[in-house]
Amino acid sequence: MTQSLIHARGLTKKFGDFTAVNGIDLDVVKGESFGLLGPNGAGKSTAMRMIGATSQRTSGDLTILDKDPEQFGPQIRAHLGVVPQQDNLDTHLTVSENLYIYGRYFGLSRKFVKNKIEELLAFAQLEEKRNAKVESLSGGMKRRLTIARALVSEPEILMLDEPTTGLDPQARHILWDRLFRLKEDGVTLLITTHFMDEAEQLCDRLVVMDKGSIMAEGSPAQLIKDYSTKEVLEVRFGSERNAGMADDLRQLCDRIEELPDRILMYTEDGEELLERVYKKNFHPKTSLVRRSSLEDVFLRLTGRTLVD
Amino acid sequence: MSSFQERQGSLKIVDAAKVAARGALFVTEARLRAMLKWIWLILGIAIANPVLYLVSIGLGVGAYIDENTGGMGVDGVSYITFLAPALLATAAIQGAIDESVYPTLEGFKWDKIFFSMNSTPLSGNHIAMGVFFNSVIRVSFTAVIYWFVMLAFGVLDSPRAWLAIFTAIMAGAAFGALMQALAGLLENEDIFFTVLQRFVIMPLFLFSGTFYPLTNMPIYLQWIGWISPLWHATELGRWLTYGHEISSLMLYTHFIFLNSLLLFGVIASRRIFTRRLGK
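So the sequences go chain by chain: A and B. Residues in the first sequence are numbered from 1 upward in steps of one, following our numbering. Residues in the second sequence are numbered from 1 upward in steps of one, following our numbering.
Since the hints were made in silico from the structure, they are not lab data. By construction, the Cβ of each residue, glycine as well, lies at the ideal position given by its N, Cα and C atoms. There could be a bad hint or two in this list.
[Stated by the list, open to error] Quick list of simulated restraints, FRET-style, between CB atoms:
1. A/K230 with B/L11: 42 to 48 Å
2. B/R275 with A/T63: 21 to 27 Å
3. A/Q222 with B/R275: 50 to 56 Å
4. B/Q197 with A/Q86: 26 to 32 Å
5. B/S260 with A/Q71: 51 to 57 Å
6. B/V200 with A/S136: 44 to 50 Å
7. A/F180 with B/F199: 38 to 44 Å
8. A/T305 with B/I39: 50 to 56 Å
9. A/H173 with B/R198: 50 to 56 Å
[Unchecked claim] Okay, derived cross-link-like pairs now, SDA-like style, lysine to any residue, Cα gap no bigger than 20 Å in a straight line:
10. B/K112 with A/G166
11. A/K280 with A/L301
12. A/K30 with B/I13
13. B/K37 with A/T94
14. B/K279 with A/Q71
15. B/K279 with A/G166
The following block holds chain B by itself, in its conformation from the complex (with noise of 0.2 Å):
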């Protein structure tokens, strides 16, 4: 038996304008398959971050606060209530990570399968936006299920609550981006985890409001919030999710901060992606 008895032939059956217009789904369609087989995995570790995080630091720490604080709180709600929108960016914003920083570093250099993809009709701009997209969606699964663990911990207390959903994964999606440029550029790993994980992931971390309030810091360490895409993240999840006071003007702020650093991570993973792959 002939293996090509209906051979067509690539120009009867391949549409390149088609691959030009859907392509990024293409890739987006192949990442999700392969993050599919850790999937126990990833709902394990979504599941788990807020239950650990809420019961030990929201309930255990909170209990301690909430009483030193005469019932008063932080920020005029109790201590879990105030913590958990800042864990819940911080929750996306670690997924994120994870499904930007080692697919790419995985098909540029581990395993190279950016290149083997980019010997089909797929540019550099598919194969970022097929990551970044891939990234999106761990980050809105982890980031729905950390609002239904702090739903079922009773610290959602606004209608428009179910919106921190929202800003969670545009904190996500933007500080994913930005890693995914970054390690785009990389051409040797080596210190990289360790000095992201320790200089830039746990600082940001600690440093941005995430336990109290940013103003409680010296004013010499403020900066670190404000660059921070935490904390922007977590002022807009406490005014979505119990009504913490902001202005009008912060809310702009917040907003197109987080969207501004969106959009230039993507277009940096583009034009990084194309040119390397185009070496």
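For reference, chain A alone in the conformation it holds in the complex (with noise of 0.2 Å):
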């Protein structure tokens, strides 16, 4: 049977005159990886607010774990693990004391937290830093702190908001690696993201959001067929003479999209592309063929890059 652990229908939030989330239909079942992908102030952390049974809907309906979080919030609270967007650790204490008193929080006994924190230091590779004050932590290091605390109860729903933002390349792979485990220990993942390659390689199954609203929903390689050629050819001529060269590029392929800085032709066959636009005669400075991602998608949906 699969059930949802996540239902949500037609909700919204409104901050005064401002609509932050614009009736969103959401379902994510158990053992699931979802992702909600857009650009900031998409909507993606108050829907987040929402789910974690924190911030009160202004309309819809919404329920998680068969629970509606306005009247049922702390026995929600109790089966999730959350990580916001900013590490909300408590500076004062050190990165064992971090995790202990996030355990007693969810009315773990001592002794569990105390053969926990063993674990979770394993986990987050911080066993040298375990009686390091926070704020001489990394960036990485706090990140990964943040979502160990989070798993200090072991959560049914981990909900992660911009996992990876402000980290290293090193660090975020370091960081999937740890997500990739949870996911196979069975744990069911919500996450937030404007990385398309982030939600390519955590998500199931995603929403595209933006301004509030969902533009598509499905697993990553549906939305890029649905949305989006195989394969992308990115050429460049210099910014003067980008714009001269779209009207003649447009009759070689399907679809182009203009950036400020670039060209994106869409085709099913890159390479071959390219040597047509050679065969025109157009030189572009530089060119690259790629595979289609979810930015591509997002363009396609929006109009817009994903990061500006």
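Combine the two chains into a complex, taking the hints into account.
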């Protein structure tokens, strides 16, 4: 039986006149890794806070673990592990004390938490930092500690808001590896991100959000198939000539997107298209053939790029 | 090695009802752990504060006053005996401000740990009460030490003098709860501390009958004492430490005033914390 752990219909949040989340529908099943992909300000964090049973919705239906967060906030939060966008660790305390007090907030026994800390320190690769103050940690270490902290209660659902924003590539890959392992252990993941590579790496299924609404839903592969071509040819003619070339290039393929610094040409076969570009005597300064990504899906859906 | 060999899941191991019942204590435990990091500073202040004040003003100014009153002192006792209960209550209030205003601003604004607490089964009420309990613990610590310093200075002259510890804690708790509620409302703390220190704490300290009986002040300034928790606690403290005369009506008034303030502050804090976290 597939059972929705998170179920939302017409979920809406308004702050005064501003609609942050505008009637979204979601269903996340057990063991799934589900993503909310969208640019900053798309309403992802607001949606996360409603699902996290801390912020009350303005309208719509929402159940988490079959409970309404308006009535059962604490009972729902007992089974969530929340990793907010900004690490809100207790800076007065050490690494292991942060894990300890958080476990206590879930009412876990001292003995249980003490054993759990060892496991979590190993998971987060922070064994040598156990007695270090949080202030002295690097950005990546703080992030791993915040994630480890969210796992102290063995949550049914782990919610990560922009888990790797601000991390260097190596730190991101370490984190992704840790999240993969959690997924293998059967933890349901809900992730927001504005990095398309992160969404492709981590999510079984995702929704693309923009301006508080859902634009599309599906697996990364399905979304790319539905909203983009197999390959993309990126060409640059220099900023003055890009605009002038667009009309000519449009004749050569299904669809093009003009960006300030380059032109994207959508096609099933990038190399073949590039040959045709050269045959027409258009000589781009640089060219690159790549596979379509969720970035292209987003561009197609909204006319804008994910990261400005 | 898998990290989660014995994973049982939160459905088995987390008891939301237990957190609902004892959540405030879990928050208190966490705040106490943080406070223990600067216990030496707290202890230093708790000892230095009474010693410095009692020596400089109590004995120094006191010698001058006692001499000029022909050995009568103030209120029938030596000046230091008159002054000490007021300073005890002042120290309790100052300690309460430290442990309620700073953690509240920190929790909501600086490192936002209240939001991380609130993403667990803890609610705004638990967090407000945890901060409050921690502040009461700090105040109690300060008041007990102050009381022993007073004992060493020989200014306690009544068998029930030990009860003054509790009236000081009551005043600290009441003032702390009010300040906690106020700090919970602040979105921007830029000038808050300056205003609080200069226009609230300082006038209260000066105009609450601390250094001389409130009745010595012009009648149009006495209202400051009446609304000041410090004055009410000072009157109770004087009654308890050296037998300052108080009518039973005023005794009840002081007691009810302080406890009403305490109750109001706690209820307001709980509401304000809950509302701000749920935005």
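Verification of the hints:
{"no.": "1", "hint": "A/K230 with B/L11: 42 to 48 Å", "in the structure": "holds (43 Å)"}
{"no.": "2", "hint": "B/R275 with A/T63: 21 to 27 Å", "in the structure": "holds (24 Å)"}
{"no.": "3", "hint": "A/Q222 with B/R275: 50 to 56 Å", "in the structure": "violated (42 Å)"}
{"no.": "4", "hint": "B/Q197 with A/Q86: 26 to 32 Å", "in the structure": "holds (30 Å)"}
{"no.": "5", "hint": "B/S260 with A/Q71: 51 to 57 Å", "in the structure": "violated (33 Å)"}
{"no.": "6", "hint": "B/V200 with A/S136: 44 to 50 Å", "in the structure": "violated (37 Å)"}
{"no.": "7", "hint": "A/F180 with B/F199: 38 to 44 Å", "in the structure": "violated (57 Å)"}
{"no.": "8", "hint": "A/T305 with B/I39: 50 to 56 Å", "in the structure": "holds (53 Å)"}
{"no.": "9", "hint": "A/H173 with B/R198: 50 to 56 Å", "in the structure": "holds (53 Å)"}
{"no.": "10", "hint": "B/K112 with A/G166", "in the structure": "holds (19 Å)"}
{"no.": "11", "hint": "A/K280 with A/L301", "in the structure": "violated (30 Å)"}
{"no.": "12", "hint": "A/K30 with B/I13", "in the structure": "holds (18 Å)"}
{"no.": "13", "hint": "B/K37 with A/T94", "in the structure": "holds (10 Å)"}
{"no.": "14", "hint": "B/K279 with A/Q71", "in the structure": "holds (16 Å)"}
{"no.": "15", "hint": "B/K279 with A/G166", "in the structure": "violated (26 Å)"}
The structure does not agree with the numbered hints 3, 5, 6, 7, 11, 15 stated previously, though it agrees with the rest.
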